[in-house]
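Student: Listed here are the chains, written in short residue letters.
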Amino acid sequence: MRRVQAAIWLGALLLAAAPAHAQVTLSLACSGLGTEGALCREGAEEWAARGGHRVRLVSLPNRGTERLALLRQLLAAGSRDIDVLQIDAVWTGMLADHLLDLAPHLDTEGQLDQALRNNTVAGRLVAMPWFTGAGLLYYRRDLLEAHGHPPPETWQALTRTAEAIQHAEPARPQRLWGFVFQGRAYEGLTVNALEWLASHGADGIVAEDGRVAVADPRAARVLALARSWIGTIAPQGVLTYAEEEARAVFQSGNAVFMRNWPYAWALLNAPDSPVAGRVGVARLPRGEGPEGRHAAVLGGEQLAVSRHGAHPALAIDLVRHLTSRAEQRRRAILGAFPPTYPDLYADAEVLAANPVFAQLPAVLRGGVARPAAATGRHYSRVSANFAYAVHDVLAGRAAPAAALDRLRARLQRLAPDGAW
Amino acid sequence: MSAAAERRRARTAWLFLAPMLLALALVAAWPLARTTWLGFTDATLFAPGAQRFVGLANYRLLFADPDWWRAVANTLVFATVSVALETVLGLLVALLLDAKLRGRGVLRAAMLVPWAIPTVVSAQLWAWMLHDQHGVVNAMLVALGVIAEPRAWLAEPWAAMAWIVAVDVWKSTPFMALLSLAALQLVPRAVMEAARIDGLGPVGIFFRITLPLIRPALLVAILFRLLDALRVFDLMYVLAGSGPATASMSVHARQLLVDFGEVGEGSAAATALVLVVVACATLVAWLGRLRLGGAGR
Chain A
1 MRRVQAAIWL GALLLAAAPA HAQVTLSLAC SGLGTEGALC REGAEEWAAR
51 GGHRVRLVSL PNRGTERLAL LRQLLAAGSR DIDVLQIDAV WTGMLADHLL
101 DLAPHLDTEG QLDQALRNNT VAGRLVAMPW FTGAGLLYYR RDLLEAHGHP
151 PPETWQALTR TAEAIQHAEP ARPQRLWGFV FQGRAYEGLT VNALEWLASH
201 GADGIVAEDG RVAVADPRAA RVLALARSWI GTIAPQGVLT YAEEEARAVF
251 QSGNAVFMRN WPYAWALLNA PDSPVAGRVG VARLPRGEGP EGRHAAVLGG
301 EQLAVSRHGA HPALAIDLVR HLTSRAEQRR RAILGAFPPT YPDLYADAEV
351 LAANPVFAQL PAVLRGGVAR PAAATGRHYS RVSANFAYAV HDVLAGRAAP
401 AAALDRLRAR LQRLAPDGAW
Chain B
1001 MSAAAERRRA RTAWLFLAPM LLALALVAAW PLARTTWLGF TDATLFAPGA
1051 QRFVGLANYR LLFADPDWWR AVANTLVFAT VSVALETVLG LLVALLLDAK
1101 LRGRGVLRAA MLVPWAIPTV VSAQLWAWML HDQHGVVNAM LVALGVIAEP
1151 RAWLAEPWAA MAWIVAVDVW KSTPFMALLS LAALQLVPRA VMEAARIDGL
1201 GPVGIFFRIT LPLIRPALLV AILFRLLDAL RVFDLMYVLA GSGPATASMS
1251 VHARQLLVDF GEVGEGSAAA TALVLVVVAC ATLVAWLGRL RLGGAGR
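Residue numbers (my numbering), protein chains in the order written: chain A, 1 to 420; chain B, 1001 to 1297.
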């Protein structure tokens, strides 16, 4: 009897002790916005159950700037509270010092090239692409068909089509506008303006060789075109719009065209949406002329491993699982998150769940990265100054060439030796 | 009283003051000193603790930055215009409430409503009312025929600044009115009676009797409002974001510190803000020859 008791005690002790040695709790900081939180939890729990570990989710603020400020403070303090973190495409340069190089540990075969380049800072792969995003042109299919216009191929055609439809549509209580986009002086305007520049073949903020490259005569012409939209095809209020304000105008039926991210598709076609079933989607227009090309700025989120965590090997394994093809496929079908494996856009089940994804491979091929890696920790300041200069032009406070000259002088002051 | 007793009294006084001085040192002097020190270093949010002393480099950057000068100008314009309007309107409201009106108590309470709402909330409230597509302000102005079609008030820098001032006047006039009213009620009625009997009209009474008598109290109220207005942050941030067209000095400093992670340069901007506030307060106190030590009349 005593022996049996002893055996039971021993067994119980072993049961209690064995997992305590191997079981590790990892902290994963991912976004809780909309369906993101639930999908992140499911993915993490699958990994945890497989390896016998635990994952604690750390919720992040919803607004990007606040999320960045919090992560920056946690990482700068060397906090062990976060092992794996979700970061925006443009934070890689700012946070790189605190993130592990994943290149020696993870297989990047089949991942989107532009996303990998974006996440490589000084030769180190500091984050693994998790899902992507790129600017799209949404249009009112019913209005274009009624007035006999094809979806515009160039920005100049978009301008003409918008004007024509605006004039031809009968008067209504709320004015119909031609084009809405993100024109508030913030990161979104940087994205929109970089798309206008790149689609006309003009250099972005930083040239290939690291020089400050904004004072390009082509850039001034492009900004003059954008300036001509304000008050004619775009409401003056577009200067205060972010993504959701633009969607509000378009979704209530008061605009012909809208530039937005892929997330808008599902909302525009929701049963209670006034424009459901009447919206088309296309690549963003290119500029006129031989240098014109279709260009969309890449967004998306990445997963990174903190240098200060206690279990780097396990944290890397969690990233491997969450960014795997199978997990990205699941997230694409259930949550409409565009995968970073281009071959998944040919997957029948993914396409059936998200018809808009059919456009994405071509859009991603023309993807433009923001200069996050090049400008490093100065990115947010560089981007803000760029957005303010463009905003000045759009609001009519400055002529395009003068605004760009001032911006170049300012950026050269920020860049060591005038180049990055 | 003997010298020894005097000394003992002084010691007791310091003893009683000690907790307050300690608290002030912890919550005011220490952060201020640290911010001032960080303003002379190259500290960033990317590598805290690794700062080096860089002398006046941050101040040179700041003074060479047209955005900072823009922020100084925005702040001064905002503070001057809004405090001037609030003082005049507040005094008018106070004179009205000082008269023996029926329902004066209710009026006084109702007047306080804008002041009681937190600034962030009232700023957001006005942001919706000023919305270019769905805002009630546009709907009213169009219905009245003042403007032909809705305008994006917050997209035009001058209109945006005018609205920021207007919202502040809407919010802070009650504060000035209340302080003016308190001062008005201390003016001895007998003096006014005497002036009236001597044949001075109501306008004369206001400028020769009332205004000189309430001036010290009014100046204190103006000083308070001015200090508040020079530090303005939430109105600009909520109504117009961090853009340089409307940014105040506080908005500019926060952007450097938090958004850009430039702790050194941002601390220099914050210290410069404190210096500007001190300079303005000194100027106003000197202009009003205000003796804060007491015995004002």
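Everything labelled a hint here was simulated from the structure, so no lab data went into it.
Keep in mind that a hint or two might mislead.
As the list claims (entries may be wrong) - Okay, the calculated beta carbon distance ranges per label pair: (1) B:L1056 / A:D272: 38 to 46 angstroms; (2) B:L1125 / A:Q23: 46 to 54 angstroms; (3) B:W1030 / A:D81: 21 to 29 angstroms.
Stated by the list, open to error - Which residues of chain A face chain B? A partial, calculated answer using Cβ under 7 angstroms: (4) R72; (5) G237; (6) R307; (7) H308.
Given the structure is predicted, the values throughout are model-derived calculations rather than measurements.
For each residue, glycine too, the CB sits at the ideal point set by N, CA and C.
Student: So, for every hint listed, does it hold in this structure?
Tutor: Hint check:
{"no.": "1", "hint": "B:L1056 / A:D272: 38 to 46 angstroms", "verdict": "violated, 60 angstroms"}
{"no.": "2", "hint": "B:L1125 / A:Q23: 46 to 54 angstroms", "verdict": "holds, 51 angstroms"}
{"no.": "3", "hint": "B:W1030 / A:D81: 21 to 29 angstroms", "verdict": "holds, 27 angstroms"}
{"no.": "4", "hint": "R72", "verdict": "holds, 5 angstroms"}
{"no.": "5", "hint": "G237", "verdict": "holds, 3 angstroms"}
{"no.": "6", "hint": "R307", "verdict": "violated, 13 angstroms"}
{"no.": "7", "hint": "H308", "verdict": "violated, 13 angstroms"}
Of the hints listed earlier, those the structure fails to meet are numbers 1, 6, 7, in rising order.
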